[in-house]
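**Q** Heads up: the sequence lines are chains D and P, in that order.
Note that the working numbering gives residue 74 to position 74 of the first sequence, counting from 1, and the numbers run on in steps of one.
Note that the working numbering gives residue 31 to position 31 of the second sequence, counting from 1, and the numbers run on in steps of one.
By construction, these hints were calculated from the structure, which means they are not laboratory data.
Note that the structure is predicted; figures quoted are calculated from it, not measured.
Treat the hints loosely; a few may be bogus.
What the hints assert, rightly or not - Here are the in silico distance ranges between beta carbons for each label pair:
| # | chain 1 | residue 1 | chain 2 | residue 2 | range |
| --- | --- | --- | --- | --- | --- |
| 1 | D | Phe60 | P | His82 | 31 to 39 Å |
| 2 | D | Lys13 | P | Lys69 | 42 to 50 Å |
| 3 | D | Glu54 | P | Thr17 | 44 to 52 Å |
| 4 | D | Gln17 | P | Ala53 | 43 to 51 Å |
| 5 | P | Ser84 | D | Glu52 | 34 to 42 Å |
Stated by the list, open to error - Sample of chain D residues lacking proximity to chain P, with all beta carbon distances greater than 10 Å (derived):
| # | residue |
| --- | --- |
| 6 | Ile12 |
| 7 | Lys13 |
| 8 | Arg22 |
| 9 | Ser24 |
| 10 | Gly28 |
| 11 | Ser65 |
| 12 | Leu67 |
| 13 | Phe69 |
| 14 | Leu81 |
| 15 | Ser86 |
| 16 | Ala87 |
| 17 | Glu100 |
We put the CB at the ideal spot given by N, CA and C, even for glycine.
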Amino acid sequence: ETGVTQSPTHLIKTRGQQVTLRCSSQSGHNTVSWYQQALGQGPQFIFQYYREEENGRGNFPPRFSGLQFPNYSSELNVNALELDDSALYLCASSFATPNEQFFGPGTRLTVL
Amino acid sequence: AQSVTQLDSHVSVSEGTPVLLRCNYSSSYSPSLFWYVQHPNKGLQLLLKYTSAATLVKGINGFEAEFKKSETSFHLTKPSAHMSDAAEYFCVVSRPYNNNDMRFGAGTRLTVKP
Numbered sequence: 001e002t003g004v005t006q007s008p009t010h011l012i013k014t015r016g017q018q019v020t021l022r023c024s025s026q027s028g029h030n031t032v033s034w035y036q037q038a039l040g041q042g043p044q045f046i047f048q049y050y051r052e053e054e055n056g057r058g059n060f061p062p063r064f065s066g067l068q069f070p071n072y073s074s075e076l077n078v079n080a081l082e083l084d085d086s087a088l089y090l091c092a093s094s095f096a097t098p099n100e101q102f103f104g105p106g107t108r109l110t111v112l
Numbered sequence: 001a002q003s004v005t006q007l008d009s010h011v012s013v014s015e016g017t018p019v020l021l022r023c024n025y026s027s028s029y030s031p032s033l034f035w036y037v038q039h040p041n042k043g044l045q046l047l048l049k050y051t052s053a054a055t056l057v058k059g060i061n062g063f064e065a066e067f068k069k070s071e072t073s074f075h076l077t078k079p080s081a082h083m084s085d086a087a088e089y090f091c092v093v094s095r096p097y098n099n100n101d102m103r104f105g106a107g108t109r110l111t112v113k114p
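All chains, please: the whole structure from these sequences, using the hints.
**A** As structure tokens, then:
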């Protein structure tokens, strides 16, 4: 196990709702990255937070937003959910950007 | 821009035989390259990484990969497959020494037959 935890493990929402996913980084890590993994595909980079500031963003619309707290835990918020948002959401933590990322087990989001 | 292409979506081998998972990359600079493994209901685990040092990289659980710039390839190999190797494998490219835009391939599912 990596020490990166995510909650909840599973979530079911309906189209148009909003969702918040949470990630606790491994002890000593100050960087958190979020990824979306659709069924049968590789993870896609959503964004990264380094010391509470956004530090890079992938090709996702603004309704995907995030936050990093002083203890370096992080939230991913998705507004106006669409059916295509159904996926496994992974977070990964590291100590700064050059170093290895450690992944959590993910949150499975289903949008009906 | 950077991307990876995993040439096989599914590879099936018998236990004890060699494993070859193929990956080609595209990058406008000298990249960092990684292989990750994903077991069902578990997080991604790093197998090995290339960061412009030795071109033959040894990883965990007997896996290794060779960076070939002339072929833009980073294939993953293992001499002898074990049942526990059955999983999804991802090839990943990123900018050197910077993990804030890692690009994953679509994955290769490895099946190991007894």
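**Q** Run every hint past the structure and note whether it holds.
**A** How the hints compare with the structure:
1. Phe60/D / His82/P: 31 to 39 Å: Check passed, 38 Å falls within 31 to 39 Å.
2. Lys13/D / Lys69/P: 42 to 50 Å: holds, 45 Å
3. Glu54/D / Thr17/P: 44 to 52 Å: Cβ of glutamate 54/D to Cβ of threonine 17/P: about 46 Å, so the range 44 to 52 Å holds.
4. Gln17/D / Ala53/P: 43 to 51 Å: At 47 Å between Cβs, range holds.
5. Ser84/P / Glu52/D: 34 to 42 Å: holds, 39 Å
6. Ile12: Holds, since 18 Å exceeds 10 Å.
7. Lys13: The assertion about lysine 13/D holds, with a minimum of 21 Å to chain P.
8. Arg22: holds, 15 Å
9. Ser24: holds, 13 Å
10. Gly28: holds, 16 Å
11. Ser65: For serine 65/D, whose nearest Cβ neighbour in chain P is about 17 Å away, the distance exceeds 10 Å, so it holds.
12. Leu67: Non-interface label on leucine 67/D holds, nearest chain P Cβ at 17 Å vs cutoff 10 Å.
13. Phe69: Consistent with the label, phenylalanine 69/D stays out of reach of chain P, its closest Cβ about 19 Å off (over 10 Å).
14. Leu81: With a cut-off of 10 Å, leucine 81/D remains clear of chain P, as the shortest Cβ separation is near 23 Å.
15. Ser86: Check passes; 17 Å lies beyond 10 Å.
16. Ala87: holds, 13 Å
17. Glu100: Not fine: 6 Å to the nearest Cβ puts glutamate 100/D too close to chain P.
This entry does not satisfy hint 17, going by the numbered hints stated previously; all others are met.
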